[in-house]
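Q: Take a look at the letters that make up each chain.
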Amino acid sequence: MTAQLTAPAGAQTDRQRRVLRRLPWWIATVFLIGAALIWIFPFLWMLSASLKNNMEMFSGGLRLWPKEFVWDNYARAWNDAHFGRYLINTIVVTVITVVIVTIRCATAGYVLARYRFRGSRLFLGVLIATLFVPTGYTIIPVVKISMQLHLIDSLGGLILALSGGAYVSAILIYYGYFRQIPRELEEAAVVDGAGFARTFFSVMLPLAMPVTATVAVLTFIATWNAFFLPLVFTFSRPNLRTVSVGMQAFVGETATDWAGMAAAGVISIVPVVVLFIFLQRYFVEGISGAVKS
Amino acid sequence: MTIRSVHLTRREARVRAGESAATNQRPARHGWKKKTTWIWLFLLPTVVLYGIYTIYPIIASYWYSLVEWNGFDENQTFVGISNYREVFADPLFWNSFKVTLLFMVFVVPARVLLSLLMAMVLNSPKLPLIGVLRSAFFIPVVTTTAIIGVVMRFILDPASGPINSILLRLGSGGIDFLGDPHWALPTAAVLYVWKFFGVTMIYWLAALQTIPYELNEAARIDGAGTGKIFRYITVPMLKPFLIIITVLTIEETFHNFDLMYTLTGGGPYFHTEIIEIYIYRWAFAAAIPQLGHASAAAVVFGLLVAVVGAIQLWAVYATRRRGAGR
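Protein sequence lines correspond, in order, to chains A and W.
So that you can map any letter, position 165 of the first sequence is 165 in my numbering, and since no number is skipped, the others follow by simple counting.
So that you can map any letter, position 93 of the second sequence is 93 in my numbering, and since no number is skipped, the others follow by simple counting.
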């Protein structure tokens with residue numbers, strides 16, 4: 001008690017000094033928050049536009065707060081512009097693709113990391129050589145072979161085409177991770193009587209959980225946002241469109257309903273943004289892994 | 001086995017990484033024959049999917065580029081290199097080639113250097129709200145490019161977009177950002193930098209985190225100012241990453257169909273027609289598709305990407321070597 005009573009004078013200046021030392025950082029933060037708000041302005045504007053009526057959209061300039069909230073825009077986007085349907089298509093395509101890609105990259109990364117077999121070096125070499133193949137390069141044969149297999153104009157065909165993308169970095173992330181796990185773990189599992197598949201699924205794969213999260217999140221975002229393949233696969237089947245293709249068509253069909261379009265954009269973008277906010281750690285780890293390795 | 005013990009072993013393993021690496025690489029011998037079956041079973045999904053949708057198309061493009069074919073009938077006529085001759089004689093192909101490279105020249109330095117500055121600001125541990133700020137600058141990356149393209153078209157619309165309504169109110173003339181041949185490509189480039197800025201920023205943050213914080217602190221105690229620290233510590237430490245990040249960014253600018261197609265569709269008058277849109281136009285948007293012609297363009301595009309990729313591998317290899325030599 002007495003100590004506290006005598007302390008104040010010294011403590012005060014000490015705190016003041018600390019605040020002063022932090023001041024430049026707070027000023028920088030205020031500037032950065034301003035910059036960040038300008039940075040995400042297009043999203044804020046889209047959100048506000050989705051609640052305005054079309055008249056106000058054209059006259060309102062950059063003002064964000066709508067005069068009156070028009071929830072009807074969402075109803076129009078969801079029902080008349082079929083964004084409810086597009087959203088379901090997108091969810092189906094994305095979830096199944098993520099599952100397929102994660103499993104195939106995990107198993108491939110595992111055997112490439114743990115076993116040397118005839119062709120394993122060639123396999124890795126081919127993978128690395130195709131690290132950056134752009135969709136624009138492979139699209140024509142992909143469409144042609146999908147036609148021959150009767151897989152064009154179907155969600156299943158689109159899912160297979162998306163799952164068959166290179167995803168080399170995903171395989172390499174698994175490869176790098178499995179490579180540094182000590183061999184004793186597998187040997188222990190074998191001694192306990194586990195076979196090849198069991199060793200993988202009940203020992204190795206659970207160990208690789210952080211990698212799986214990273215690969216799943218990166219694949220999710222890439223698939224949700226995919227445009228070129230879904231565009232080409234749904235030319236003649238509008239009801240199979242994903243949100244990104246649906247958005248493009250929306251503008252072509254109703255050139256005047258910008259408020260409805262903004263609502264459709266919000267419907268399409270919000271799921272990924274929410275996912276990102278919850279899982280950003282895995283997202284950032286995956287991206288920075290590209291530089292470190 | 002409990003999770004805890006697994007983690008302990010892993011941590012141990014990391015400590016002994018040097019010695020265990022040797023044992024890790026030795027293939028297991030027992031039950032080899034059955035194991036081979038399992039190995040190929042594990043590779044099967046990748047072999048099938050990646051084989052059909054990535055490897056086969058790469059090879060097939062070469063064949064398609066040698067035939068005359070509209071994509072509808074079965075008959076493909078072998079025409080040798082005449083598609084290539086057509087493509088090389090087409091001024092619009094060279095235009096798209098030029099647009100692709102010009103776009104790269106606009107975008108790559110902006111992305112690499114500006115994001116380095118931002119990453120250095122957002123790397124400082126003393127900055128409050130750092131997580132929120134990083135997320136804010138990263139958000140455009142995760143959003144759907146095709147939707148951004150459409151929304152930006154409205155924001156920049158010359159007649160009714162909010163940007164132009166403000167320009168008009170300020171008394172300056174309106175700008176047709178996406179419809180004016182002079183403005184379209186720079187506008188698209190700025191939007192592209194904005195959209196993918198966050199990726200490069202994360203690259204840089206990862207690179208900056210390899211510099212030990214104590215190094216900066218020690219330099220500061222020795223009396224070095226911010227400028228000197230940047231000049232003598234940050235720059236040399238970041239040099240190898242500069243090469244990797246630049247080439248990664250170059251490769252990424254080749255995947256730009258989504259934004260360009262939804263933003264301008266290649267217009268006005270082909271001023272933003274990148275090679276991917278050129279391919280798309282000949283293969284899918286034409287009344288009579290000419291897949292041979294489009295494939296020849298795709299092969300040339302693939303070679304361009306491959307050349308940059310080869311430079312990348314070489315650069316990474318060279319920096320690794322130099323790093324090991326030190």
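Treat the hints with care, as some may be off.
To be verified - Some but not every residue of chain W turned toward chain A, in silico, with C-beta under 7 Å:
#, residue
1, 42
2, 62
3, 170
4, 172
5, 173
6, 175
7, 285
To be verified - Rough simulated footprint, nothing fancy, chain A against chain W, three-plus residues with beta-carbon under 8 Å:
#, segment
8, 99-111
9, 213-219
10, 288-296
Claimed, not checked - Which residues of chain A face chain W? A partial, calculated answer using Cβ under 7 Å:
#, residue
11, 24
12, 70
13, 74
14, 132
15, 137
16, 142
17, 225
18, 227
Read the hints as simulated data drawn from the structure, not as lab findings.
All residues carry an ideal CB built from backbone N, CA and C; glycine is no exception.
Q: Could you run down the list of hints and mark each one as holding or not?
A: Going through the hints against the structure:
1. The interface hint given for residue 42(W) is met, as the beta carbon of that residue sits about 4 Å from the closest beta carbon of chain A, less than 7 Å.
2. Checking residue 62(W) against chain A: minimum C-beta separation of about 10 Å lies over 7 Å; hint violated.
3. Interface restraint check: residue 170(W) against chain A, minimum CB-CB distance 11 Å, threshold 7 Å, status violated.
4. Below 7 Å, beta-carbon pairs count as interface contacts, and residue 172(W) has none with chain A, the closest being about 15 Å; its hint is therefore violated.
5. The closest approach between the C-beta of residue 173(W) and any C-beta of chain A is roughly 17 Å, which is over the 7 Å cut-off, so the hint fails.
6. Taken as an interface hint, residue 175(W) does not check out: its beta carbon lies about 15 Å from the nearest beta carbon of chain A, beyond 7 Å.
7. Look at residue 285(W): its Cβ only gets to about 10 Å from chain A, farther than 7 Å, so that hint breaks.
8. Counting residues of the segment 99-111 of chain W whose CB lies closer than 8 Å to any CB of chain A gives 0, so the stated coverage by that chain is violated, three being the minimum.
9. Beta-carbon proximity to chain A at under 8 Å applies to 0 residues in the segment 213-219 of chain W; the threshold of 3 is not reached and the given coverage is violated.
10. A stretch counts as covered by a chain when three or more of its residues have a beta carbon under 8 Å from one of that chain; for the segment 288-296 of chain W and chain A the count is 3, and the coverage holds.
11. A distance limit of 7 Å between C-beta atoms decides the matter here; for residue 24(A) the minimum to chain W is near 9 Å, and the interface restraint is violated.
12. Against a cut-off of 7 Å between C-beta atoms, the interface hint on residue 70(A) is violated, since the closest Cβ of chain W lies about 17 Å away.
13. Given the 7 Å rule on beta carbons, the hint for residue 74(A) is violated: about 15 Å separates it from the nearest Cβ of chain W.
14. The interface hint given for residue 132(A) is met, as the beta carbon of that residue sits about 5 Å from the closest beta carbon of chain W, less than 7 Å.
15. Annotation: interface hint on residue 137(A) holds; nearest CB of chain W at approximately 4 Å, less than 7 Å.
16. Among the interface hints, the one on residue 142(A) holds; its C-beta lies about 5 Å from the nearest C-beta in chain W, closer than the 7 Å criterion.
17. Nearest Cβ of chain W to the Cβ of residue 225(A): about 4 Å, under the 7 Å cut. The hint holds.
18. For the restraint placing residue 227(A) at the interface with chain W, the shortest Cβ-Cβ distance is roughly 4 Å, inside the 7 Å limit, so the hint holds.
Hints 2, 3, 4, 5, 6, 7, 8, 9, 11, 12, 13 from the earlier list are contradicted by this structure; the remaining hints agree with it.
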